[in-house]
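A.B. asks: Each protein sequence line maps, in turn, to chains A and B. Quick note: the first sequence uses numbering that gives the first Met the number 0, first residue 0, plus one each step. Quick note: the second sequence uses numbering that gives the first Met the number 0, first residue 0, plus one each step.
Be a bit skeptical, because a hint or two may be false.
What the hints assert, rightly or not - Mimicking DSS-like on lysine-lysine, the simulated pairs with C-alpha atoms at most 30 Å apart in a straight line are:
{"#": "1", "chain 1": "B", "residue 1": "K330", "chain 2": "A", "residue 2": "K245"}
{"#": "2", "chain 1": "B", "residue 1": "K330", "chain 2": "A", "residue 2": "K229"}
{"#": "3", "chain 1": "B", "residue 1": "K230", "chain 2": "B", "residue 2": "K108"}
{"#": "4", "chain 1": "B", "residue 1": "K108", "chain 2": "A", "residue 2": "K229"}
{"#": "5", "chain 1": "B", "residue 1": "K80", "chain 2": "B", "residue 2": "K330"}
{"#": "6", "chain 1": "A", "residue 1": "K245", "chain 2": "A", "residue 2": "K229"}
{"#": "7", "chain 1": "B", "residue 1": "K179", "chain 2": "B", "residue 2": "K108"}
{"#": "8", "chain 1": "B", "residue 1": "K230", "chain 2": "B", "residue 2": "K179"}
{"#": "9", "chain 1": "B", "residue 1": "K108", "chain 2": "A", "residue 2": "K245"}
As the list claims (entries may be wrong) - If you want the ones that stay clear, here's a sample from chain B, every Cβ over 12 Å from chain A, calculated:
{"#": "10", "residue": "E7"}
{"#": "11", "residue": "G153"}
{"#": "12", "residue": "P193"}
{"#": "13", "residue": "E201"}
{"#": "14", "residue": "G270"}
{"#": "15", "residue": "R307"}
Hints are computed from structural coordinates only; laboratory data are not their basis. Computed from a predicted model, the values in this text were never measured in an experiment. From the three backbone atoms N, C-alpha and C, an ideal C-beta is built for every residue, glycine too.
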Amino acid sequence: MDLLPSADQQELVAAAAEFFAEQVPISAVRERRADPAAIAPKVWAEGALLGLLGLAADVAVGGSGRPLDDEALLFRELGRALVPGPFLGSVIGARLAALSGAADLAGFVIEGHTLVAPALLRVDDDVATVADGVLTGRIRLLDPAGAEYALVVTDDGAGLVATAALTDLAPVESSDPGTRMGTARAEAVPVTCWVPATQDPIALRGAVLAAAQLVGIAEATRDLSTAHAKTRIQFGRPIGVNQAIKHRCADMAVSAEAALQQTLFAAVSLRSGRADAEFQVRAAKVVAGRAAITNAAETIQVHGGMGYTYEHDAHLYLKRAHVVDQLFGSRTAQLAPLLAQEAAQ
Amino acid sequence: MDLDFSPEQLLFRDEVRTWLAENAPSEPRPHGAAPMREYDLAWQRTQWEGGWAGIAWPTEYGGRGLTTLQQLIWYEEYARKGMPSIDACFVGLNHAGPTLITRASEEQKAHHLPRILRGEVVWCQGFSEPEAGSDLASLATRGEIDGDDIVVTGQKVWTSFADLADHQELLVRTDRSDRKHHGITWVIADMHSPGIDVRPIETIDGGAEFCEVFYDEVRIPLANVVGEVDKGWAVAMSTLSFERGTAYTAGQVRLAALVENLIELARERTGPDGRRPAIADDEISRRLATCRAEVASLRAMTYAGICRNLASDAPGPEGSIIKLYYSDIAKQVARLAMDVLGPDGLEFVSRWVPGGWSGHYFYSYSASIGGGTSEIQRNIIGDRVLGLPR
Ligand SMILES: Cc1cc2nc3c(=O)[nH]c(=O)nc-3n(C[C@H](O)[C@H](O)[C@H](O)COP(=O)(O)OP(=O)(O)OC[C@H]3O[C@@H](n4cnc5c(N)ncnc54)[C@H](O)[C@@H]3O)c2cc1C
Numbered sequence: 000m001d002l003l004p005s006a007d008q009q010e011l012v013a014a015a016a017e018f019f020a021e022q023v024p025i026s027a028v029r030e031r032r033a034d035p036a037a038i039a040p041k042v043w044a045e046g047a048l049l050g051l052l053g054l055a056a057d058v059a060v061g062g063s064g065r066p067l068d069d070e071a072l073l074f075r076e077l078g079r080a081l082v083p084g085p086f087l088g089s090v091i092g093a094r095l096a097a098l099s100g101a102a103d104l105a106g107f108v109i110e111g112h113t114l115v116a117p118a119l120l121r122v123d124d125d126v127a128t129v130a131d132g133v134l135t136g137r138i139r140l141l142d143p144a145g146a147e148y149a150l151v152v153t154d155d156g157a158g159l160v161a162t163a164a165l166t167d168l169a170p171v172e173s174s175d176p177g178t179r180m181g182t183a184r185a186e187a188v189p190v191t192c193w194v195p196a197t198q199d200p201i202a203l204r205g206a207v208l209a210a211a212q213l214v215g216i217a218e219a220t221r222d223l224s225t226a227h228a229k230t231r232i233q234f235g236r237p238i239g240v241n242q243a244i245k246h247r248c249a250d251m252a253v254s255a256e257a258a259l260q261q262t263l264f265a266a267v268s269l270r271s272g273r274a275d276a277e278f279q280v281r282a283a284k285v286v287a288g289r290a291a292i293t294n295a296a297e298t299i300q301v302h303g304g305m306g307y308t309y310e311h312d313a314h315l316y317l318k319r320a321h322v323v324d325q326l327f328g329s330r331t332a333q334l335a336p337l338l339a340q341e342a343a344q
Numbered sequence: 000m001d002l003d004f005s006p007e008q009l010l011f012r013d014e015v016r017t018w019l020a021e022n023a024p025s026e027p028r029p030h031g032a033a034p035m036r037e038y039d040l041a042w043q044r045t046q047w048e049g050g051w052a053g054i055a056w057p058t059e060y061g062g063r064g065l066t067t068l069q070q071l072i073w074y075e076e077y078a079r080k081g082m083p084s085i086d087a088c089f090v091g092l093n094h095a096g097p098t099l100i101t102r103a104s105e106e107q108k109a110h111h112l113p114r115i116l117r118g119e120v121v122w123c124q125g126f127s128e129p130e131a132g133s134d135l136a137s138l139a140t141r142g143e144i145d146g147d148d149i150v151v152t153g154q155k156v157w158t159s160f161a162d163l164a165d166h167q168e169l170l171v172r173t174d175r176s177d178r179k180h181h182g183i184t185w186v187i188a189d190m191h192s193p194g195i196d197v198r199p200i201e202t203i204d205g206g207a208e209f210c211e212v213f214y215d216e217v218r219i220p221l222a223n224v225v226g227e228v229d230k231g232w233a234v235a236m237s238t239l240s241f242e243r244g245t246a247y248t249a250g251q252v253r254l255a256a257l258v259e260n261l262i263e264l265a266r267e268r269t270g271p272d273g274r275r276p277a278i279a280d281d282e283i284s285r286r287l288a289t290c291r292a293e294v295a296s297l298r299a300m301t302y303a304g305i306c307r308n309l310a311s312d313a314p315g316p317e318g319s320i321i322k323l324y325y326s327d328i329a330k331q332v333a334r335l336a337m338d339v340l341g342p343d344g345l346e347f348v349s350r351w352v353p354g355g356w357s358g359h360y361f362y363s364y365s366a367s368i369g370g371g372t373s374e375i376q377r378n379i380i381g382d383r384v385l386g387l388p389r
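Assemble the whole structure, with the sequences as input and the hints as a guide.
C.D. replies: As structure tokens, this is what we get:
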């Protein structure tokens, strides 16, 4: 057994992190606030060139053929650096295309030409459903700017719908300044590239990557809080000397570590086809969702008034954590199915 | 001990109900600083004209001279009707006013108190500084005495409504010898004075309710000092005890109403399994029930606090217990709302419009920071209520 990232994996992740730091600093989220796309198309294209969208995709469709744990480590960096853009939708979309024989489409997505926006199948009281190969109902689209497809995930499987076939497309204000949002109506829109859950556990794969992104958020906020606790002076001493702050930072470290290890465990379980993979993935999504939201929330508190300002990064992490929590089954939604699993192997 | 209102208090409650039914503003609260100010002041003026301003304030300054129990009845009915919160008038009514009543000179009281009640002025609180937040006593904004004036130079931050305000309860350092609590002066600043520069700061809930305020040789008459020069710390402490005590009465009633709305929402909305209503989800239903229990306790604590205040003039450190409990519950309720909403919570809806749960959620983060952080409240409870060793 080895649950530690290899030298190879570390190198890969470091290269991605460097790219994010240079090309998509967190300040860009604020700067692009009024822009229709949360990530600059040029940066998206460069990221694709770097191989960010096809890391674990088959070489046959233009991917790098790396294992899921590599991709999880990449998504952890996306979370940590608060990178905007439909990475999760596109990576999963490319896989659906590849699995259902649409190699060209998979290639376009991996090359960054075709974007896939994740859809949430509910708007207020209207729940959208997939039946007989068509999607019906109202949906929310995340980062729809320039997206040709929307990713639709249900308990039975996952597929793509062409955004051009949707009606009543309307932008709505997103609570996360780094995620654009729109609502739309699907009136019996055909679902393509449908992959049943029995053929490939695509939703679990998405959940692993989402959990990894949440891990990155939990770690980054732990680090922000710790740095502030060391430098902010009140009552003549750094606030970190107070156990109220010190213990809080320690708790953040525990949550982030639990989320990281469980997510990597889940990634390897799913990749190697362990019998309890579903159990492990659902557990990871629960723990990572909680870690990200709680650590980000506590980061606001540790920063006092400053943490309550738009200019500070703390709320951007919190808001992104809520977005990613909703993808591939929220923390709340994962609980009952997790309980229904057999005990871990 | 009994829970019943007296016939007189019941009569009062009926009067409140009738008046609110007839006079509640029909227009929603507008956006933007200037229209908001006008709206809040106009509504305060209406309340004053109806005889409902300063229910528990002394009659000589325009109040009704009744007790905080009647004030509570007012707040309960007010919240039950879903009336707008009194944001721009909050500081004037809830802590500058009460501080002036207990600490100011007769001239100061006669000048300022009726204006607050009549909805003529907005007040703000200039306590916090970039380097003096929790450690308020380390504040460094300078006040040099020059003839009949204090000349103020320095910076305040997180000043709510500074951009709308006419007056400010301002703390300055008039003596720079190293005794921290000595040498602070509590003074009333005219926000329109030359040398004051106000810059709004955007908050995480999309508002711009607080500001940075810069002072460049701002001249404030010595006559505006409340209490004595260099002895403002005690005045500031009474301001904070008002801020942490009775000021939560209205908030508590609103919070209870919010929990009931949330339960209603959970009955209507589809829950995390995508099929049944949210309230059918075990985790959500238990948390909703827990919130109900907590807000009920908060109400009982508030009642007890009011009864305690009836027996003494100024709230004691017990106010920190209510403030801490309130902040915890307010955050829990808002967080639960996000789980009830699920994906719908990702859409931003301002807390000023119906269904503004996500806006409210982000706003809830201010509860455990503003008015002294929850950590500081815990320190106060530990040190001053429980007498734990420091
Ligand atoms: C919405 C809002 C409105 C506000 N309005 C006003 C206003 O109108 N006027 C005004 O003057 N101020 C206002 N404030 C400022 C508020 O009073 C301060 O933010 C608060 O006192 C904390 O100070 P700080 O921001 O400097 O945080 P810091 O004091 O730097 O605190 C940072 C963290 O360290 C913790 N900490 C600090 N010291 C200790 C300790 N000894 N033990 C344990 N933990 C500690 C804090 O609890 C916090 O978690 C407002 C704040 C908010 C959020």
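A.B. asks: Hint by hint, note whether the structure agrees.
C.D. replies: Each hint, compared with the structure:
1. For the proposed pair K330(B) and K245(A), the alpha carbon gap of about 22 Å is at most 30 Å, so the pair holds.
2. For a cut-off of 30 Å, the pair hint linking K330(B) to K229(A) stands: about 26 Å separates their Cα positions.
3. Between K230(B) and K108(B) the CA atoms are separated by roughly 19 Å; this keeps the pair inside 30 Å, and the hint holds.
4. Only pairs whose Cα atoms come within 30 Å are accepted, and K108(B) paired with K229(A) is rejected, the gap being roughly 45 Å.
5. At most 30 Å may separate the alpha-carbon atoms for a hinted pair to count; K80(B) and K330(B) meet this at roughly 23 Å.
6. Between the alpha carbons of K245(A) and K229(A) the distance comes to roughly 10 Å, so the proposed pair stays at or under 30 Å and holds.
7. For the hint linking K179(B) to K108(B), the alpha-carbon distance of about 28 Å falls within 30 Å, and the restraint holds.
8. Proximity of K230(B) to K179(B) is assessed by CA-CA distance (about 11 Å); at most 30 Å being required, the pair is judged to hold.
9. Pair hint K108(B) plus K245(A) does not hold up; C-alpha atoms about 45 Å apart against a cutoff of 30 Å.
10. A cut-off of 12 Å between C-beta atoms confirms that E7(B) is not in contact with chain A; the least separation is 43 Å.
11. No Cβ of chain A comes within 12 Å of the Cβ of G153(B); the nearest lies about 17 Å off, and the non-interface call holds.
12. Its beta-carbon lying about 27 Å from the closest one in chain A, P193(B) satisfies the requirement of being farther than 12 Å from that chain.
13. The beta carbon of E201(B) sits about 4 Å from the closest Cβ of chain A, which is not more than 12 Å, so the claim that it is off the interface is violated.
14. Not every Cβ of chain A is farther than 12 Å from the Cβ of G270(B); the closest lies at roughly 8 Å, contradicting the non-interface assignment.
15. Chain A leaves R307(B) outside its interface by the beta-carbon criterion, the shortest separation being 27 Å against a cut-off of 12 Å.
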